[in-house]
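Trainee: So the sequence lines, in the order shown, correspond to chains A and B. Numbering of the first sequence is given in my numbering, commencing with residue 272 and proceeding in unit increments. Numbering of the second sequence is given in my numbering, commencing with residue 272 and proceeding in unit increments.
It is possible that some hints are incorrect.
No distinction is drawn between identical chains; accordingly, a pair holds when it is met within one copy or between any pair of copies.
As the list claims (entries may be wrong) - Listed below are the simulated DMTMM-like cross-link pairs for lysine to aspartate or glutamate, each with C-alpha atoms no more than 25 Å apart in a straight line:
no.: 1; residue 1: 385; residue 2: 281
no.: 2; residue 1: 441; residue 2: 421
no.: 3; residue 1: 385; residue 2: 313
no.: 4; residue 1: 441; residue 2: 593
Calculated directly from the structure, the hints in this document are not laboratory data.
Number of protein chains: 2
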Amino acid sequence: MSNSSPATIEDVARIAEVSIATVSRAIHTPEKVAKSTRLKVDQAIAITGYTTNAMARSLRLGRSNMILVVAPDIGDPNFSNILIGLENEARAHGYGVLIGHTQNEPQRGLEYLKFLNSNQAAGLILFTGILPFGHRAMTARLPPCVGVFEPVFNGGIPYVGVDDAAGARKAVDLLIAEGHRKIAFIGDSRTKLAHNRRRAGYDAGLDAAGIPAAGRIVMEGDGTIESGRLALEQLFMRDDLPSAFMCVNDQTALGVMIGLKARGYDIPGDFSVTGFDDIPQASFMTPSLTTIRQPRTAIGKRAMALLLEMLSDGTSAETETEILLRPDLVVRNSVAAPSRQWAAR
Amino acid sequence: MSNSSPATIEDVARIAEVSIATVSRAIHTPEKVAKSTRLKVDQAIAITGYTTNAMARSLRLGRSNMILVVAPDIGDPNFSNILIGLENEARAHGYGVLIGHTQNEPQRGLEYLKFLNSNQAAGLILFTGILPFGHRAMTARLPPCVGVFEPVFNGGIPYVGVDDAAGARKAVDLLIAEGHRKIAFIGDSRTKLAHNRRRAGYDAGLDAAGIPAAGRIVMEGDGTIESGRLALEQLFMRDDLPSAFMCVNDQTALGVMIGLKARGYDIPGDFSVTGFDDIPQASFMTPSLTTIRQPRTAIGKRAMALLLEMLSDGTSAETETEILLRPDLVVRNSVAAPSRQWAAR
DNA sequence: TCGTCAAATGTAAAGGTTTACATTGACGGT
DNA sequence: ACCGTCAATGTAAACCTTTACATTTGACGA
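Throw the hints in and build the complete structure from the sequences for me.
Mentor: Quick look at the structure:
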């Protein structure tokens with residue numbers, strides 16, 4: 272039975288003694304085929320072990336059953352769980368997921384554009400926050416597209432993310448509830464939209480607590496470990512220290528914690544620290560990090576569901592949808608009441 | 272110029288005033304085409320923005336330009352760098368990489384088998400250490416396949432990994448050089464081949480140092496964080512403590528370190544710990560972990576190169592090749608000379 | 001009895017590419 | 001002047017599927 276070359280629809284048709292059209296119908300629109308015929312076809316399929324040749328199918332249909340996911344870096348700890356959500360949802364609808372990473376090189380982006388142009392993907396999911404393909408002109412016939420995490424910079428593309436402001440608000444509220452009054456924010460609120468929104472949550476929380484804008488410390492940091500450490504050093508130079516550091520993400524928080532420990536301070540005894548994202552490392556840091564958890568799998572699921580909906584509707588784009596999920600506070604051991612030094616003031 | 276539907280080879284042929292066969296040849300076998308013609312075709316391609324329709328090409332050729340990579344878990348910290356190696360190498364040869372994860376559910380494996388049978392992948396890279404598809408029978412017409420990290424259990428499939436024994440030997444030699452005589456090994460050397468080989472390196476090192484087999488402590492542990500902590504607890508119960516823990520991987524080492532810190536011990540003051548893998552976390556643990564680095568990108572590169580070679584040679588399988596790369600010792604802060612308590616004995 | 005209609009099935013084209021085979025034309029050797 | 005050779009190019013088939021359209025069949029109402 273196990274021929275060298277895989278069975279085609281014709282093999283099935285011959286065995287079932289019907290035409291290939293009937294076989295195709297029995298598979299895709301069974302209600303259009305007599306029950307007895309359906310049975311014969313099913314048996315023939317079982318005998319031959321037939322599977323549809325995806326290439327031929329995609330060619331005929333003019334679209335593939337693959338979704339391309341482009342991320343700047345696969346190693347990003349935020350990525351893998353999102354991917355699980357994306358993939359499960361896609362698979363449930365008969366689609367497969369293809370992963371690409373640009374490593375922040377524009378050259379790579381172009382290769383993916385070529386890939387898309389050769390019809391190999393029916394849809395696109397972007398993690399990059401920006402269309403990685405040079406001119407908008409080239410994107411003229413891009414397939415349906417959904418952004419994840421961050422809105423996509425240069426195109427009216429729907430996206431699924433987290434309510435950054437609400438999440439940040441939970442972190443700052445916790446710090447305030449513990450008694451902190453002087454709280455520093457570290458992040459790049461000028462160029463990164465997600466950071467900007469988290470900053471907004473920070474401000475809103477301090478406003479609500481009646482802490483004047485004058486007393487706030489906002490430091491620049493691009494979200495890397497190094498940026499956290501650097502911001503901390505600058506604060507020590509200035510001798511303008513807060514009692515708590517609200518970091519725009521966990522990486523930054525890690526940088527701050529490394530810096531504080533290097534200077535011999537205790538966390539959370541001397542300073543409190545919060546992050547954002549809840550990357551896997553967060554629970555293994557010493558102390559374990561209090562942070563805001565991204566509902567990663569859920570984000571992935573929603574994003575893919577949205578994309579698949581666009582695919583079947585044919586509503587290619589222009590729907591500037593924005594789906595924001597609610598993130599949760601994860602309380603661990605990096606936050607405590609401010610040290611006496613602060614209570615004194 | 273930017274039509275609604277993508278340009279086909281016929282559009283190019285019309286503009287270049289040649290036949291489609293010539294266009295195809297100009298692209299794939301330029302030496303068979305007159306220079307002047309080649310020029311016309313190149314221009315026409317530039318004008319139309321033509322890209323080969325991958326579906327049609329794959330259909331005609333009977334094979335795709337995609338490689339399927341199956342891993343048990345994409346979130347595995349070992350995975351992402353390997354993937355970069357795999358992907359770069361594939362792309363350099365005109366192949367794309369498709370990623371699947373089985374989450375250790377056999378059901379998922381079957382779906383990938385279906386995927387392969389529908390001709391959607393030209394080759395297969397396995398991280399699982401086992402063919403994730405039930406019966407060997409079904410694998411009869413599997414595409415060329417290469418294992419990564421671990422030899423694939425049920426099939427004569429070549430694999431690319433690391434010289435576990437040599438790596439483990441480096442770790443144990445370091446511990447011995449620091450003066451440790453009583454060194455525990457924690458790992459699952461019975462069912463996991465990689466663990467078993469690391470264990471062999473451990474034994475070889477102790478043999479070379481003239482430490483009798485009787486004085487060795489070997490604990491079971493499946494490689495999870497929890498398994499490390501558990502093994503540690505058992506040693507404390509038995510009151511049979513080593514001065515150093517040589518862990519089969521970094522996760523186990525992390526478990527041991529968490530357990531030791533919970534009991535108030537200092538690392539490396541009271542106990543030394545080594546890992547294996549050098550996962551990204553390793554440098555952020557406190558203390559940072561001395562471990563054996565897997566040359567991940569290199570492994571990925573080699574594995575893909577081997578697969579592509581098999582693809583072009585047509586030597587489908589049966590070549591039970593085993594390519595082992597040399598891992599390096601990464602010295603950080605979790606190892607020191609044994610405490611006085613030990614020196615006394 | 002026949003015409004009409006609907007359900008079930010078949011026929012054939014189309015989708016874009018690669019390539020075996022056929023054709024053309026130029027050129028060198030006799 | 002003719003033939004053989006070879007390089008360059010063209011023609012058409014094949015890869016496998018889906019589906020519009022055509023055909024067959026049988027039921028049913030007039």
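Trainee: First find the shortest C-alpha distance between residue 441 and residue 421 inside one copy, then the shortest across copies, and answer within, between, both or neither for a cut-off of 25 Å.
Mentor: Result: close within a single copy only, 20 Å intra versus 44 Å inter.
Trainee: Indicate which option fits the pair residue 385, residue 313 if close means a Cα-Cα distance not exceeding 25 Å: within, between, both or neither.
Mentor: Between. Shortest inter-copy distance 17 Å satisfies the 25 Å Cα cut-off; intra-copy 39 Å does not.
Trainee: Are the CA atoms of residue 385 and residue 281 at most 25 Å apart within a copy, between copies, both, or neither?
Mentor: So residue 385 and residue 281 pass the 25 Å test across copies only (19 Å; inside, 34 Å).
Trainee: Evaluate residue 441 and residue 593 at a C-alpha cut-off of 25 Å and name the case that applies: within, between, both or neither.
Mentor: within (21 Å within a copy, 53 Å between copies)
Going down the numbered hints, you'll see the structure goes against none, and every one checks out.
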